[in-house]
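Participant: Let the sequences and hints guide you as you build the complete structure.
Number of protein chains: 4
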Amino acid sequence: ECRMKKKLIIDVDTGVDDAQSIMVALAAPDVEILGITCCHGNTSLENVLKNTLRVLKVCNRLDIPVYKGCPKPLLAGKQNAGDFHGKDGLGDVPDPDAPGLDLLQEKRAVQAMLKIAKENAGEVTLVATAPLTNLAVAVQLDPSFPKKLKGLYIMGGNTESRGNTTPCGEFNFVADPEAACIVLERFTCPTYIASWEFSCRRSLPWSFVDEWLSKDTEKAAFMKKISSLSMTKARSAEYQKEITAGKGFNPCDVFAMAAALDDSLITDSDEVAVTVELAGTHARGMMVLDYMELLKKSHKVVIMKNVDSEKLKQMLINALK
Amino acid sequence: ECRMKKKLIIDVDTGVDDAQSIMVALAAPDVEILGITCCHGNTSLENVLKNTLRVLKVCNRLDIPVYKGCPKPLLAGKQNAGDFHGKDGLGDVPDPDAPGLDLLQEKRAVQAMLKIAKENAGEVTLVATAPLTNLAVAVQLDPSFPKKLKGLYIMGGNTESRGNTTPCGEFNFVADPEAACIVLERFTCPTYIASWEFSCRRSLPWSFVDEWLSKDTEKAAFMKKISSLSMTKARSAEYQKEITAGKGFNPCDVFAMAAALDDSLITDSDEVAVTVELAGTHARGMMVLDYMELLKKSHKVVIMKNVDSEKLKQMLINALK
Amino acid sequence: ECRMKKKLIIDVDTGVDDAQSIMVALAAPDVEILGITCCHGNTSLENVLKNTLRVLKVCNRLDIPVYKGCPKPLLAGKQNAGDFHGKDGLGDVPDPDAPGLDLLQEKRAVQAMLKIAKENAGEVTLVATAPLTNLAVAVQLDPSFPKKLKGLYIMGGNTESRGNTTPCGEFNFVADPEAACIVLERFTCPTYIASWEFSCRRSLPWSFVDEWLSKDTEKAAFMKKISSLSMTKARSAEYQKEITAGKGFNPCDVFAMAAALDDSLITDSDEVAVTVELAGTHARGMMVLDYMELLKKSHKVVIMKNVDSEKLKQMLINALK
Amino acid sequence: ECRMKKKLIIDVDTGVDDAQSIMVALAAPDVEILGITCCHGNTSLENVLKNTLRVLKVCNRLDIPVYKGCPKPLLAGKQNAGDFHGKDGLGDVPDPDAPGLDLLQEKRAVQAMLKIAKENAGEVTLVATAPLTNLAVAVQLDPSFPKKLKGLYIMGGNTESRGNTTPCGEFNFVADPEAACIVLERFTCPTYIASWEFSCRRSLPWSFVDEWLSKDTEKAAFMKKISSLSMTKARSAEYQKEITAGKGFNPCDVFAMAAALDDSLITDSDEVAVTVELAGTHARGMMVLDYMELLKKSHKVVIMKNVDSEKLKQMLINALK
Ligand SMILES: [Ca+2]
Ligand SMILES: [Ca+2]
Ligand SMILES: [Ca+2]
Ligand SMILES: [Ca+2]
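Protein chains in written order, with the working numbering: chain A, 1 to 321; chain B, 322 to 642; chain C, 643 to 963; chain D, 964 to 1284.
Be aware that a few hints might be false.
Said to hold, decoys possible - According to the in silico footprint, chain A covers these stretches of chain B (three or more CB under 8 Å from chain A): (1) 474–483; (2) 486–492; (3) 599–607.
Unchecked claim - Heads up, simulated DSS-like pairs for lysine-lysine below, C-alpha to C-alpha not over 25 Å straight-line: (4) A:K72 / D:K1035; (5) D:K1070 / A:K147; (6) A:K247 / B:K621; (7) A:K300 / B:K621; (8) D:K1182 / D:K1274.
Just so you know, these hints were derived from the structure itself, not from any lab.
None of the values given here were measured: they were computed from a predicted structure.
A virtual CB, placed ideally from N, CA and C, is assigned to each residue, including glycine.
Facilitator: Encoded structure:
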């Protein structure tokens, strides 16, 4: 028997939840990660590169090529998520044995994306869990890039104007609103979006997390260490103002990855045309859902509304085995 | 025994739901309507004036003073709700015996508001179910106006970026975003907001409506006649795109009025600072809720989340007796 | 012989140059000042009221009615010109004998404007040398106000994106961009605009100023005193960055007033449709000139390009006699 | 003796004036054109490519590598200059012997720019006479690109809010405002800007043009043919609304090229920090000059104010020899 492997490109700004997302992908059966492209975001690009290599090392998968992408958004000012993920983006737990940046590929992330998609036309799924700068530059460089993708899974954007970074804006989209808009306008491949409000509603109970992190494996120890800071923050009163519903553990990026890995994960969704508000004093970077079909866009995306939480938990558990 | 009467100013753009709201107020016990101020909105100011007089005539209350307010928004282009409420704003059912505009007061609406509030300082509740132009001009003319109000009840705005007029914008706010912003910034009196999404969620079943309109009274006959067009539209597929949830009869403006009339109507609410997005390609006119407290505003409004539907129904029933 | 007097309303935010402008009007023959309406602007409304009364007292014209207008712009944040005109708006030279605010009229500025224009329909010229808040509220309250004016003369706005307050914005327009836009959109009476760039180009030589202020009159002494601070600033290197051309004494507001007083003052002008940019990170408040006729506006204004400087000087000289 | 050649990359949207600019460069002594990169703009990218090859063919310089760049702006809607330069961008005079697109390089424009700059670090002058999309993508892909340039010469932008495409916007900047902003923010190499207003003021007399085009050379015949349509338009009443001053022949792009070729061409200029207004109803795409130094930018550009017209004419004459 010959089952076709899912081919992935993962675009990250690693970040604790990006780390979780990568580890979920590494643990999934029948998946081939063709490259991990790094982008500014939760922390500086240099930290993102280092963090990504640390995750791969813990999983013994330093064979996967890691690429250096855009260090800055197209036009937006710098956003900083350092208060949540730690200054180094990975919980501020120093690792003296972190792999060196000499392990990075020479080719730039954008060009690697284009090359991989060209060589695997119609077969590659792109999972984007960072600001969308790399994707926006890629489509500008090669307008045919989206057509070569099998699908695009994004963690980012708001569905109900409930921001976590600005009053109405989610971090990944606010960190590069122009890039987010370019991607939502130009990527006409099948597109699935895990929004901030959705991820809040599908948070997992802390009791699951306690059990999840208690396993006696190297990966679990690593995850426990890097997620300690953000989990403490996530239980704070201040953080409760950011969330729209659902107290508990919100592994944001994992929702997009899990949906990409398992076609049966999404149990409820809307299909709607979307764009991004680029002007606006308070709403800049907010995703706009055109339920009234006023924008006359033919391309619609899948807005995730519910997932099979048990499958999600199992994926998380497998990731730390 | 001597119970204090609730003193009201009602600012309207009559409109079928404004008509319902006025009739609910007229039927309420212990209420004194000190004036009805008219504003552009659902239809032309001239139609709004005529419609308001028609409603008062049916209820035998032409003694209530009606004032002519602003025929235009501050800066916004013209919005038109004529497709829903009818060209004349009241279901396009001509009334040859409609009262003449000579019954209007000479004083302008804005000046009447200021005078009534001054003469009844601390005792007047303002119920605003139209674009907020009159209120914005009033506070600009007399910055102390809001302090003289007991409370302000508004139908308008979005809480979840789910527009009914533009992708993210509700009609009353989009019809004069600058006025809405001025009101939310300057009216520091206790303020209660019935948003579009809230009103959708609390829609009433069509079975109730059928019963409600079937009474053998002059008022019920009038209501049946003027609401026929909009209720047909409300059951159409096209209209379903506008609503965020809750199929059924949505008497928008009545939610704000009912909350003003009965302090126990609101059963769940949020207190949050709000403003209005004035820039923005898609989000202009959208209400912004500052749950994260990034705007550092001390004044918070009450965002209605749930009401006692049985009380609401009883008020509607009383209105047609 | 019976010559018709010019009837004026003057809207001010007094300000050294407003003081000069008022004194030029008071010295003009055949002019009747029906009222001076005060607006926030160069300094707080309270200071503006006090300064206006001080100017009238020096000229023995406390008989002219002075009205209290809007203390705040419609929506804009507070601008401060205190560094140029002094904290009190009039050069920070205390006057222990300043007239008290009890001399003010009871009627509000906006209502006074409307009443005066109604009672003198077609005969009143409005000279506006402040942020345009009062005018914007007036037209909102009574849309027929502009039609009752003989003409409108404005000091404000940019013609070449050369700001003095923001990179592209002039003080009076930036201090209330929404009001400026409302006025340029709704005042369809003959309208004359003295822009910032124009006033810079037509600056007067310092040698004239020295002679002008050296006269041995009470008015000259007053003018010398209140203008000392701003003239020192006007000769500074920092100020040179604000001006587009023309070193020397720029009596901004006087250009608008002088044009209103003498129909032959303007020797060159453009007729062009104008509006105001309300959005924009850098250009908010900038006047937009539609030379290409893309906005399809039928109403055009007169943009002043040159004036008879000798006549202007003579008016200034007469003002201090 | 060994004189160093000027090394150029030319970024074009050919266009009649781009054609003139390329021909001026080809005729200049001691110049080496390392590549011509094509961008959407005056006409479709396909036309731009074809037009560029036609120009090179007339000049017998098809050896110069031509690269295909971005077919679309980052985010802006499509602008069309087809009414001025003709539908094909080159005066709508069909050429049955036009070279085929098989002559284009395989490498993409952006990557070619980066490679050329890397291989000639510090020695390449970039002359950009098109929307700035290619440059913006290049700097996003390689943030060190600007540092490798000797200088950047741009035709584009406004200095006095006098638009030729929108009320305040010049074509090249309006055609991709985000790209223009990225370039003005990130290209910290010595930068020289020939604005729309400047080019209008330095227009050449029609008498010169008549003489210029009358030479009996193949190049003159070609120029006469392709410029016939635009020159007719340039003499029309409609066109006069676009120009700020100076009637006559405006070879826009040539000003930027000529300044790049001859360091002594610019005889007057301002040094000022600049950016681009991205929001704005009327001013989107307008260049903003920060004379007041409010933006606190350390990098300043050279805004061309005057040039040696005799040298310019001689360059144009040499181009058609
Ligand atoms: Ca992430
Ligand atoms: Ca209403
Ligand atoms: Ca003034
Ligand atoms: Ca060009």
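Participant: Tell me, in ascending order, the numbers of any earlier hints that this structure violates.
Facilitator: 7
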